[in-house]
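Going down the list, the protein sequences come from chains A and L. If you use this note's numbering, the first sequence corresponds to residues 1 to 113, in order. If you use this note's numbering, the second sequence corresponds to residues 1 to 110, in order.
Simulated from the structure, these hints should not be mistaken for laboratory data. For each residue, glycine too, the CB sits at the ideal point set by N, CA and C. One should not assume that every hint holds.
[What the hints assert, rightly or not] Derived, one-sided and incomplete: chain A residues facing chain L with beta-carbon distance under 8 Å: (1) S33; (2) P39; (3) M41; (4) G42; (5) L45; (6) Y48; (7) V50; (8) E59; (9) P61; (10) F90; (11) D100; (12) Y102; (13) F104; (14) G105; (15) G107.
[Unchecked claim] Some chain A residues well away from chain L (every beta-carbon gap over 12 Å; in silico): (16) K14; (17) T20; (18) D26; (19) S69; (20) L79; (21) P83; (22) P97; (23) T103; (24) L110; (25) T111; (26) V113.
[As the list claims (entries may be wrong)] Cβ-Cβ distance ranges computed for the label pairs, FRET-style: (27) T11(L) x S69(A): 44 to 52 Å; (28) V113(A) x E77(L): 42 to 50 Å; (29) A2(A) x G40(L): 18 to 26 Å; (30) D73(A) x D52(L): 32 to 40 Å; (31) P61(A) x E77(L): 14 to 22 Å; (32) H38(L) x A2(A): 17 to 25 Å; (33) K14(A) x L54(L): 24 to 32 Å; (34) S69(A) x I17(L): 43 to 51 Å; (35) G58(L) x I54(A): 29 to 37 Å; (36) T7(A) x H38(L): 40 to 48 Å; (37) G51(A) x S3(L): 23 to 31 Å; (38) Y70(L) x K14(A): 39 to 47 Å.
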Amino acid sequence: NAGVTQTPKFQVLKTGQSMTLQCAQDMNHEYMSWYRQDPGMGLRLIHYSVGAGITDQGEVPNGYNVSRSTTEDFPLRLLSAAPSQTSVYFCASSKPPPGDGYTFGSGTRLTVV
Amino acid sequence: GQSLEQPSEVTAVEGAIVQINCTYQTSGFYGLSWYQQHDGGAPTFLSYNGLDGLEETGRFSSFLSRSDSYGYLLLQELQMKDSASYFCAVGSGGYNKLIFGAGTRLAVHP
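Bound-form chain L, shown alone (with noise of 0.2 Å):
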């Protein structure tokens, strides 16, 4: 089978840094990703990880460790539009079976 474990909620101030923790179990690994979803609306990808290290895509960037099954996605320069969920996923005995955590829910406050 598989698990993901990430926090509930995550509660932050405009201009912070905040990051999203993420512990996996699966058989057949194929990369962890992460999707940020809107109230009311539709998930949206936002990196993947196919191998160790970190990815950085403009103010958010997401880490990976394949030995200890471990993730993360830290969110820089917090600004209000980023108050959403997100959601880590792993290709769980293939790239086209993606498995969602679920979910952490980001507040960003004033």
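Chain A with its partners taken away, still in its complex shape (with noise of 0.2 Å):
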């Protein structure tokens, strides 16, 4: 039982550049969130899913794209990396209701120069 798995873990861009961040969970969650997180802050919310063909913008959803075509996976694209894109992004999944919490990847650490 792999949990949630993220990759790559660590990626450099170059302003204008675009990626996909992968994310794919094995325990048949049906809410799956990418967040990221900024040095000393908490979690932003970019976009969430509550199951396959669902999808939801969050609190920091401006230059990320996602989509939900299965339940195991939920890549986030993005479309035009800028410098202010360098964060770790967190993927992180969970059965309704919540009442066991959510599991969260290991985290990519992105960097755009």
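Two independent chains are provided; combine them into the complex using the hints.
Structural data, given as structure tokens:
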């Protein structure tokens, strides 16, 4: 049981490049979310999903796209990377109701130069 | 909109008890959760309060008062390994839309 798997763990992008951060979970969780965490700050919600085919915007969605074609996968796409998107990105999943909480992946450390 | 307030830092000694408070403002409240995060690691779930009252899990307890929009995390018998950041989070407009506070950094000293 791998839990929540994020790839890559580290990435350096040039300004204007695009890329996809991968997230996969094997717990059959319906809820999945993407967060970004900047130094010394809390986690800010980017996008979230309640099931395959259903996504919604969080607190800071600009510059990011998501899709949820399967229960297992929830990729995050950066359309045109900017230095302000330098951050640690966490993917998380949960079953409803959230009595057992969200399980987080180990994170992707992204630097945009 | 939504906002959560928690102290930025707390310091305590081994064996002591510490309480981390969290006040929140949100439309459509769906429970208060607590997460722990060690430096360089991922957040891990500690507790969830959907109803008023106290929830106990080992050395950790969490409390919620919905009428006061307030909750706290109580850590007893502190150990050095409890040094970490602690985040409160609320379901805002749904269980699935989890909004986090800025976190409280707990330092436990011998």
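Verification of the supplied hints:
The interface hint given for S33(A) holds, since its Cβ lies 7 Å from the closest Cβ of chain L, which is under the 8 Å cut-off. A distance limit of 8 Å between C-beta atoms decides the matter here; for P39(A) the minimum to chain L is near 11 Å, and the interface restraint is violated. Annotation: interface hint on M41(A) holds; nearest CB of chain L at approximately 6 Å, less than 8 Å. Look at G42(A): its Cβ gets to within about 4 Å of chain L, closer than 8 Å, so that hint holds up.
For L45(A), the suggested interface contact is upheld, since its CB lies about 6 Å from the closest CB of chain L, less than 8 Å. For Y48(A), the shortest C-beta to C-beta distance to chain L is roughly 6 Å, which falls under 8 Å, so the interface hint holds. A least Cβ separation of about 5 Å between V50(A) and chain L falls short of the 8 Å threshold, and the interface hint therefore holds. For E59(A), the shortest C-beta to C-beta distance to chain L is roughly 7 Å, which falls under 8 Å, so the interface hint holds.
Annotation: interface hint on P61(A) violated; nearest CB of chain L at approximately 12 Å, more than 8 Å. Hint status for F90(A): holds, given a least beta-carbon distance of 6 Å to chain L, under 8 Å. Interface hint status for D100(A): upheld, as the beta-carbon distance to the closest one in chain L is roughly 7 Å, under 8 Å. Interface restraint check for Y102(A): the shortest CB-CB distance to chain L comes to about 6 Å, inside 8 Å, so the restraint holds.
Using the Cβ-Cβ criterion of 8 Å, the hint placing F104(A) at the interface with chain L is satisfied: the shortest such distance is roughly 4 Å. A cut of 8 Å between beta carbons decides the hint on G105(A): the least distance to chain L is about 7 Å, and the hint holds. Restraint check, G107(A) versus chain L: the minimum CB separation of about 6 Å is within 8 Å; hint holds. Every beta carbon of chain L lies more than 12 Å from that of K14(A), the smallest distance being close to 26 Å; the non-interface claim holds.
Here T20(A) stays apart from chain L, with its beta-carbon at least about 20 Å from theirs, past the 12 Å limit. Once the 12 Å rule is applied to beta carbons, D26(A) is consistent with being away from chain L; the minimum gap is 16 Å. Every CB of chain L lies more than 12 Å from the CB of S69(A), the least distance being 18 Å, so the non-interface label holds. Here L79(A) stays apart from chain L, with its beta-carbon at least about 23 Å from theirs, past the 12 Å limit.
Residue placement check: P83(A) keeps its beta carbon more than 12 Å from all beta carbons of chain L (closest about 22 Å). Look at P97(A): its CB is around 5 Å from the nearest CB on chain L, not clear of 12 Å, so calling it non-interface is violated. Taking the minimum C-beta to C-beta distance to chain L, about 7 Å, the non-interface status of T103(A) is violated against the 12 Å cut. Interface exclusion of L110(A) from chain L stands, the closest Cβ pair being 15 Å apart, more than 12 Å.
Every CB of chain L is more than 12 Å from the CB of T111(A) (nearest about 16 Å), matching its label as outside the interface. Annotated as non-interface, V113(A) keeps its C-beta farther than 12 Å from every C-beta of chain L; the closest such distance is 22 Å. In this structure the supplied range 44 to 52 Å holds for T11(L) paired with S69(A), their Cβ-Cβ distance being about 47 Å. The given range of 42 to 50 Å is respected by V113(A) and E77(L), whose C-beta atoms sit roughly 46 Å from each other.
Evaluation of the 18 to 26 Å hint for A2(A) and G40(L) yields a pass: the beta carbon distance comes to about 20 Å. Taking 32 to 40 Å as the suggested C-beta distance range, the pair D73(A) and D52(L) conforms, at roughly 38 Å. For the hinted restraint 14 to 22 Å between P61(A) and E77(L), the CB-CB distance of approximately 42 Å leaves it violated. Checked against the given bound of 17 to 25 Å, the beta carbons of H38(L) and A2(A), roughly 21 Å apart, stay inside it.
Against the hinted window of 24 to 32 Å, the Cβ-Cβ separation of K14(A) and L54(L) comes to about 51 Å, which falls outside the hint. A beta carbon spacing of about 48 Å between S69(A) and I17(L) agrees with the range 43 to 51 Å that was offered as a hint. G58(L) and I54(A) have their C-beta atoms about 36 Å apart, which keeps the hinted 29 to 37 Å range intact. Checking the proposed 40 to 48 Å range against T7(A) and H38(L) shows it is violated: the Cβ atoms sit about 22 Å from each other.
For the pair G51(A) and S3(L), the beta carbons lie near 28 Å from each other, so the given range of 23 to 31 Å is met. Distance hint check for Y70(L) and K14(A): the Cβ-Cβ separation is about 46 Å, which falls inside the suggested range of 39 to 47 Å.
Comparing the model with each earlier hint shows violations of hints 2, 9, 22, 23, 31, 33 and 36; every other hint is respected.
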